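The listed protein sequences derive, respectively, from chains A and B.
Per numbering that gives the first Met the number 0, residue 0 is the first one in the first sequence, and the count goes up by one each step.
Per numbering that gives the first Met the number 0, residue 0 is the first one in the second sequence, and the count goes up by one each step.
Treat the hints as calculated values from the structure; they're not laboratory data.
For clarity, every value in this text was computed on a predicted model and none was experimentally measured.
Hints may be right or wrong, so weigh each one.
Here are a few chain A residues that sit away from chain B, every Cβ distance over 10 angstroms (derived from the structure) [stated by the list, open to error]:
no.	residue
1	R23
2	G32
3	D37
4	V56
5	D73
Cβ-Cβ distance ranges computed for the label pairs, FRET-style [what the hints assert, rightly or not]:
no.	chain 1	residue 1	chain 2	residue 2	range
6	B	Q25	A	K107	44 to 50 angstroms
7	A	Y21	B	G33	48 to 54 angstroms
8	A	R101	B	E27	26 to 32 angstroms
9	A	V11	B	E20	49 to 55 angstroms
Facing chain B, according to a computed beta carbon distance under 10 angstroms, are these residues of chain A, among others [said to hold, decoys possible]:
no.	residue
10	D54
11	Q57
12	L74
13	K78
14	F93
15	T117
Each residue gets a CB set at the ideal place from its N, CA and C atoms; glycine is no exception.
Residues per chain are reported as follows:
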Amino acid sequence: MFNMITPVKKQVLIRGVDEDVYRRAKAAAALQGVSMGDAVSEALRGWVQHGRVEDDVQKEVKQNVQYAKDHWDDLKAHKGEAVVISRGKLQGLFTSYEEARRFSSRFKVALTFVVEDTPQTRELELGPDLEIQREVQP
Amino acid sequence: MDQTWKYSAKFSPSAPVIVLELAAMQLECVIDTGFSGGLLVPLSTFESLGLLSGLVQDEYLAVMPDSRRVPLYTAREVVTAGSSRVPTLVHAAPTLDRRLVGRAFLQSFVTTLDGPREVVALSSQTRK
Numbered sequence: 000m001f002n003m004i005t006p007v008k009k010q011v012l013i014r015g016v017d018e019d020v021y022r023r024a025k026a027a028a029a030l031q032g033v034s035m036g037d038a039v040s041e042a043l044r045g046w047v048q049h050g051r052v053e054d055d056v057q058k059e060v061k062q063n064v065q066y067a068k069d070h071w072d073d074l075k076a077h078k079g080e081a082v083v084i085s086r087g088k089l090q091g092l093f094t095s096y097e098e099a100r101r102f103s104s105r106f107k108v109a110l111t112f113v114v115e116d117t118p119q120t121r122e123l124e125l126g127p128d129l130e131i132q133r134e135v136q137p
Numbered sequence: 000m001d002q003t004w005k006y007s008a009k010f011s012p013s014a015p016v017i018v019l020e021l022a023a024m025q026l027e028c029v030i031d032t033g034f035s036g037g038l039l040v041p042l043s044t045f046e047s048l049g050l051l052s053g054l055v056q057d058e059y060l061a062v063m064p065d066s067r068r069v070p071l072y073t074a075r076e077v078v079t080a081g082s083s084r085v086p087t088l089v090h091a092a093p094t095l096d097r098r099l100v101g102r103a104f105l106q107s108f109v110t111t112l113d114g115p116r117e118v119v120a121l122s123s124q125t126r127k
């Protein structure tokens, strides 16, 4: 037998919700036979679990990646050299990756790479974390 | 020569794992052919190995089964599996607390899963 725990439900008034998103969510919820309360709760649960709040590391990584993109034309002139980008700026140019890596270890967050191809966004497939758990009867 | 590892009994049924060495740390990783990357480790491991200071310039996103895209921190490292040393992309994200070895790593090897004996064998073989 499954243990069913009914969550306590609360009435809330939320200001500033995007009208178009709300309309589409309402239509999707109706199609799936889900109440808006359950749909919003599910969305908020996902938001809390997966986090939208960027921490300092994420911010710095973005800053460094943006620097590499914005300055790629300048960096291209150093093709074959290793660069270290940290704190949103170029920290050094090196003749070898190993040398650059030793230097970059003084930073908490840094991009360290040999200048070759233009930075790209790549996607990786990741399967679900499927573990079947058998509920043991007491 | 083959490197072999016993399946991990931490999973039920037991799961094929290989023990890799990354920056002098031993990591037991589940073989996951559904993962197209090299190595996925928890962010705490990634951070403690100092990999945040060796990130690559490309941005990597993990496409989840529900189509969500999760940004990954990615560093290029040399990973040791038995007697083989393989340059591999190592990935981590705050919301992915898994240790997986994926297809990008496995393509360097012939991997055999022997279910009845619960043994994983990895052997290097040059491509024809």
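Practice item. May I ask which of the numbered hints given earlier this structure violates, with the numbers listed in increasing order? Key: 4, 6, 7, 13 and 14
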